[in-house]
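Build the full structure now, drawing on both the sequences and the hints.
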Amino acid sequence: MIFLSSFELAFCLITGSVTMYNIMNQNQEISVFEVCLVGLMLFFACTSIFMLIGIRRHACHLLYPSLFARGLTTLFLAVFGVSTVFSSSKSPNAVPYSHQNWKRGGKDVSDEPNMALRLVLFVFAMLFLTVIIFYTSYLVVRLIHFEQSYARLKERRSSLIQAGMIDPDFPSPNNYSASRRASSA
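Residue numbering for the sequence shown follows the numbering used here, beginning at 2 and increasing consecutively.
FYI, nobody ran anything at the bench for these hints, they're computed from the structure.
Idealized CB from N, CA, C, for every residue including glycine.
Hints should not be assumed to be uniformly reliable.
[Claimed, not checked] If you anchor each label on the Cβ, the simulated ranges turn out as follows: (1) I167 - L130: 21 to 31 Å; (2) G82 - R157: 40 to 50 Å; (3) S84 - I15: 20 to 30 Å; (4) I167 - T75: 29 to 39 Å; (5) H59 - N23: 33 to 43 Å; (6) F12 - I54: 14 to 24 Å; (7) F135 - I54: 23 to 33 Å; (8) M116 - V142: 29 to 39 Å; (9) M116 - F34: 12 to 22 Å.
Laid out in structure tokens, this is it:
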């Protein structure tokens with residue numbers, strides 16, 4: 002999980018940096034997609050840092066924002082993926098073919114790929130990305146359960162040690178002689 006959160010942090014920082022560089026160097030106005038992408042990458046990077054800290058300190062409450070970020074990523078992919086696939090880069094008033102290409106029966110060089118092909122590629126890409134997001138969400142949930150179990154075991158161990166300090170004949174992990182005396186009697 003440390004490797005996963007480190008990889009996510011590096012990916013988010015690189016993607017956010019490249020997007021910010023493109024925003025700064027473009028002459029067009031900033032799109033909603035770019036703003037949302039930078040915001041999502043910053044939020045996801047913060048949750049990856051929280052996950053790293055939570056793993057190191059065994060604090061499961063720092064792992065919950067990561068699940069929220071994965072949900073937002075799925076929503077982001079669905080909203081902007083669909084709008085990107087179904088939007089056309091051509092002007093609605095543009096003439097699709099020039100007169101010479103129409104006479105030759107050829108296609109215009111600026112024709113877009115078939116919408117069905119775009120939809121099939123979008124479905125496969127979304128399926129692949131969604132499986133990855135759900136699997137990493139499953140791993141985070143398993144880590145949360147592990148951290149909660151670890152905290153319970155740590156509490157139980159400390160209570161056994163405290164009970165062993167009160168009654169030296171009480172079998173504890175540090176007092177093996179008391180358990181031998183009890184079994185030999």
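Here is what the structure says about each hint:
no. : hint                    : in the structure
1   : I167 - L130: 21 to 31 Å : 56 Å, violated
2   : G82 - R157: 40 to 50 Å  : 47 Å, holds
3   : S84 - I15: 20 to 30 Å   : 24 Å, holds
4   : I167 - T75: 29 to 39 Å  : 52 Å, violated
5   : H59 - N23: 33 to 43 Å   : 40 Å, holds
6   : F12 - I54: 14 to 24 Å   : 18 Å, holds
7   : F135 - I54: 23 to 33 Å  : 24 Å, holds
8   : M116 - V142: 29 to 39 Å : 38 Å, holds
9   : M116 - F34: 12 to 22 Å  : 20 Å, holds
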